[in-house]
Amino acid sequence: MKESAILLCDDVTVEFDGFKAVQGMNLKLEKGELRFLIGPNGAGKTTILDVICGKVRPSGGRVTFGKVDITKKKEHQIAELGIGRKFQAPSIFPSMTVSENLEIAMRQRRTVFATLFAKMAEEERSRIDGQLTMIGLQNKADWRAGGLSHGEKQWLEIGMMLLQEPEILLLDEPVAGMTDKETDKTGELLHEIARKRSIVVVEHDMEFVRNFASKVTVMHEGKLLKEGSMDEIQRDDRVAEVYLGKRRDADVSRSTA
Amino acid sequence: MLMRIQMKKFTPQRIWILIAYTAAAAALFSAPLFVSDFRLNLLAKFLAFAIVALGLDLIWGFTGILSLGHGIFFGLGAYAMAMYLKLAASGGKPPDFMGWSGLKELPLFWQPFQNFWFAVAMGIAIPAFLALVLGYFTFRNRIRGVYFTILTQALVIITTTLLIGQQAFTGGTNGITGYSTVLGYSIGSPETKRVLYYVTVAALIAIFIFCRYVIGSRFGKVLRAIRDGENRVRFIGYNPAIYQMVVFTISAGIAGVAGMLFVLHVGIISPSMLGIVPSIEMVLWVAIGGRGTLVGAALGAILMNWAKSEFSTAYPQGWLFFMGLLFVVVVVFLPKGVAGLIGQIKFRRKRREPNHEGVRNPAV
Amino acid sequence: MEVFLLQLFNGLSISSILLLVALGLAITFGLMKVINMAHGELIMIGAYSTYLTQNLFQDYLPKSLFDWYFVLAVPVSFVIAFIFGLILEISLIRFLYGRPLDSLLATWGVGLVLQQLARSIFGAPNVAVTSPAWLNGGMKIMDGTLLPYKRIFIIALVIACLVSMYFYIYRSHEGRRMRAVMQNRDMASCLGVSTRRVDAMTFAIGSGIAGIAGCALTLLGPIGPSLGTYYIVDAFMVVVLGGVGKLVGTVLGATGIGMFNTLFEYWTNASLGKVLVFVCIVAFLQWKPMGLVAMRSRSLD
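Chains as they are written, first to last, in the working numbering: chain G, 28 to 284; chain R, 322 to 685; chain C, 89 to 389.
Keep in mind that the hints were calculated from the coordinates and are not lab data. Be careful, since some hints might not be right.
[Unchecked claim] With a cut-off of at most 27 Å between alpha-carbon atoms, the simulated DSS-like pairs for lysine-lysine come out as follows:
(1) R:K657 / C:K121
(2) G:K82 / G:K47
(3) G:K208 / G:K242
(4) G:K113 / G:K212
(5) G:K101 / C:K376
(6) C:K376 / G:K82
(7) C:K334 / G:K47
(8) G:K99 / C:K376
(9) G:K82 / C:K334
(10) G:K82 / C:K121
(11) G:K47 / C:K376
(12) G:K55 / G:K101
(13) G:K100 / C:K376
(14) G:K82 / G:K146
(15) G:K242 / G:K253
(16) G:K82 / G:K94
[Unchecked claim] Chain R regions said to be covered by chain G (calculated; three or more residues, Cβ under 8 Å):
(17) 543 to 552
(18) 557 to 563
Built from N, CA and C at the ideal position, the CB exists for glycine as well.
Please take these sequences and the hints and turn them into a complete structure.
What follows is the structure in structure tokens.
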């Protein structure tokens with residue numbers, strides 16, 4: 028069983044000035060899995076993503092990616108190994124054009140020497156063009172990325188992540204601020220991607236989770252509360268107590284958004 | 322995609338740019354035919370300053386790191402050349418100022434500077450190495466933004482105190498002056514000056530082309546990405562510290578080249594020419610010309626220094642007032658400098674057409 | 089033993105001057121993230137205010153009162169620098185919040201203008217300020233070891249400034265508003281705090297303290313238009329080393345730099361000592377990049 032796990036968080040604890048944001052969290056991700064991570068505010072969902080991608084150093088526990096221990100690695104090393112991260116707010120490079128954004132995100136050798144003498148190969152060009160078409164920005168390739176709309180920026184960032192070709196994608200609320208149509212499109216895209224890669228999605232939008240989730244992990248106060256299919260989660264009393272009791276609120280806020 | 326192909330084929334603009342560059346280069350090369358020797362010497366000095374501005378723009382304009390330490394890198398290049406010139410003048414004996422401080426023997430580290438090419442190599446290598454060391458210990462720990470800027474300023478202070486304090490080795494406050502020959506040619510003769518001018522023009526053009534290449538390469542794109550969002554760059558898998566270190570080192574090396582040329586034209590280097598004020602003045606040239614455009618930075622350096630030489634002797638007090646106010650005005654009203662202003666005017670004119678498309682597109 | 093005591097006192101004295109110079113910066117840089125390069129010129133303004141106070145006493149008041157001019161000079165320097173700071177904030181700084189590097193360049197320009205202004209009013213040469221008689225001489229602790237009263241006075245002045253700042257920031261109504269704005273600007277303004285007013289006041293107080301520093305510097309030697317430039321970089325180093333956001337850091341930073349400076353200069357010489365201090369600061373930042381006392385927060389950027 029253990030061989031198929033691509034990512035393993037073992038007893039991870041994170042402290043911020045004495046406050047334990049995550050305590051003894053365990054998470055196992057299989058290859059090609061689409062995992063949803065849910066939980067009320069402050070449950071530590073984003074923090075666990077931060078730990079995996081190296082932004083936050085855990086005070087205890089281990090994170091293993093494949094066979095590599097990445098607990099102590101730096102952000103760029105983890106990214107190079109094949110873990111991509113998308114933040115909540117779209118973070119693209121606003122002063123560069125859309126295609127330049129994709130160009131530097133693309134999987135390639137990232138040393139100073141390599142980038143200094145890199146020539147745009149025909150194959151790279153077509154990869155970028157293909158990605159542009161896929162995210163629907165083919166007509167805006169030469170726009171400054173800062174001039175895109177919010178939704179377009181989200182898509183650009185997803186495009187950048189895909190070109191990065193990570194084995195694991197960590198997405199923090201990817202559909203926030205998207206229209207219903209865009210949300211559905213994103214959900215389908217995630218399933219598509221999950222055929223080749225593994226994905227962890229932190230999401231508040233319960234409808235989105237219900238429509239697209241296969242396996243869900245619920246966190247509460249920095250701990251693992253329950254893991255299982257959406258049906259199991261919905262039937263669980265403790266989850267209902269801490270979280271799904273608020274489902275109606277979530278739906279209401281969504282319909283007004 | 323359509324637009325990109327259009328842009329690539331949009332040759333008239335490219336041709337115009339090419340014509341403008343060629344004209345500028347031709348004007349620089351033919352200047353000795355029209356300008357008096359005195360003016361030519363001044364122009365040569367300004368061109369050396371333009372070279373510093375290019376290097377400074379690389380790190381500030383394109384990478385977003387403000388260095389207030391470029392006076393030092395410029396100065397170290399200048400001192401390296403000055404050591405060669407001084408030894409050439411004294412015929413390998415300890416220079417006059419060493420005698421005044423009671424130093425009888427030429428110190429060991431001075432000796433190889435009798436060789437011109439060694440001095441040139443050191444004029445680039447020493448500033449570059451210093452930048453590499455400072456860069457390594459700062460960028461690695463994500464000391465950046467204003468913290469880095471303040472550290473570079475502290476570097477200026479300690480280097481100048483060291484230069485002044487170690488009078489026996491550096492000439493102290495007076496610096497190093499009194500040269501006679503360079504590679505056997507009299508340094509003061511009009512012919513040599515003219516050749517040195519051509520060398521400076523060639524260096525400026527070569528460094529300009531080099532900077533253009535760097536900026537246009539994928540490396541340059543990563544630099545701009547670092548300026549936009551250092552952390553995001555990290556999560557893509559680049560190590561920004563290495564990139565920042567490399568660009569800081571390159572930039573310091575370029576400043577060293579400029580410093581060497583400066584000494585050859587001006588005939589003196591002293592700590593006051595590389596202190597806090599000159600260092601921040603260099604930043605002003607780039608700010609006025611336009612950070613983020615190489616041409617703007619170079620032109621800013623030339624224009625500001627031309628204005629300074631015109632007005633500062635006649636109205637020394639007025640000049641400082643003017644410079645102070647210029648700082649304020651440029652930062653508050655013209656954050657992208659004169660080049661940005663021109664770009665804005667052009668952009669406004671061109672903007673109309675793509676804007677229509679932009680409005681229409683989402684609706685489709 | 090004597091040497092040790094004397095060096096210790098010297099170190100303490102340098103630390104106190106550094107701290108006085110850096111305290112104002114700790115407020116404008118630490119709390120407001122504005123790099124005020126004109127801080128040195130505000131110090132210069134404080135020094136010239138003291139000079140003017142002295143002249144007024146000399147010209148218009150009986151000689152017997154002259155010694156007491158200094159008691160008045162401290163508040164006068166504060167008020168004048170405060171007013172300059174207020175004008176500076178209202179006319180320029182408020183356009184530069186959130187752009188630290190730009191604020192650095194613009195305020196450097198302001199500093200240049202102020203220096204030039206001082207040069208045209210008071211002339212380029214340095215002027216001397218006569219210290220009051222009651223600060224001459226010193227405390228004899230041992231044979232041959234004299235602790236000058238001037239230096240002791242400066243140490244006392246720093247402590248007084250620190251205590252009043254502490255009470256202002258942590259105990260007063262105004263101070264609470266100030267901390268609220270610096271910690272969460274949007275929330276504070278939602279709760280009805282006038283952030284504009286707080287910004288202006290904070291900056292002006294930082295400037296006023298620079299004025300007091302200038303007043304103290306007149307005790308140590310003649311003053312000139314470029315007085316501030318000698319201190320400004322050191323003062324920034326204090327803030328960088330101490331870490332931003334808390335007064336304790338600034339105090340520790342100033343003490344550290346002052347002590348090490350004295351020690352290294354005693355061991356080597358003045359210029360090498362400075363190099364060693366710089367190397368130590370950079371080395372220290374390898375261990376704690378955010379300075380001695382850093383406020384840790386979850387948000388990156």
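Hint by hint, here is what the structure shows:
1. R:K657 / C:K121: holds, 22 Å
2. G:K82 / G:K47: Since the Cα atoms of G:K82 and G:K47 sit roughly 16 Å apart, the hinted pair holds (cutoff 27 Å).
3. G:K208 / G:K242: Status holds; Cα separation ~23 Å.
4. G:K113 / G:K212: With Cα atoms ~17 Å apart, G:K113 and G:K212 stay inside 27 Å; holds.
5. G:K101 / C:K376: Satisfied, since the Cα-Cα distance of roughly 17 Å is no more than 27 Å.
6. C:K376 / G:K82: holds, 17 Å
7. C:K334 / G:K47: holds, 24 Å
8. G:K99 / C:K376: holds, 18 Å
9. G:K82 / C:K334: holds, 25 Å
10. G:K82 / C:K121: This hinted pair holds, its Cα atoms lying about 24 Å apart.
11. G:K47 / C:K376: This hinted pair holds, its Cα atoms lying about 23 Å apart.
12. G:K55 / G:K101: It holds: about 21 Å lies between the C-alpha atoms, which stays within 27 Å.
13. G:K100 / C:K376: Holds. G:K100 to C:K376 sits at ~19 Å (cutoff 27 Å).
14. G:K82 / G:K146: With a Cα-Cα distance of about 31 Å, the restraint between G:K82 and G:K146 is violated, given a limit of 27 Å.
15. G:K242 / G:K253: holds, 11 Å
16. G:K82 / G:K94: Answer holds: G:K82 to G:K94 is near 20 Å, not above 27 Å.
17. 543 to 552: Holds, because 7 residues of the segment 543 to 552 of chain R bring their Cβ atoms closer than 8 Å to Cβ atoms of chain G.
18. 557 to 563: holds (count 6)
Violated hint: 14 only; the structure is consistent with all others.
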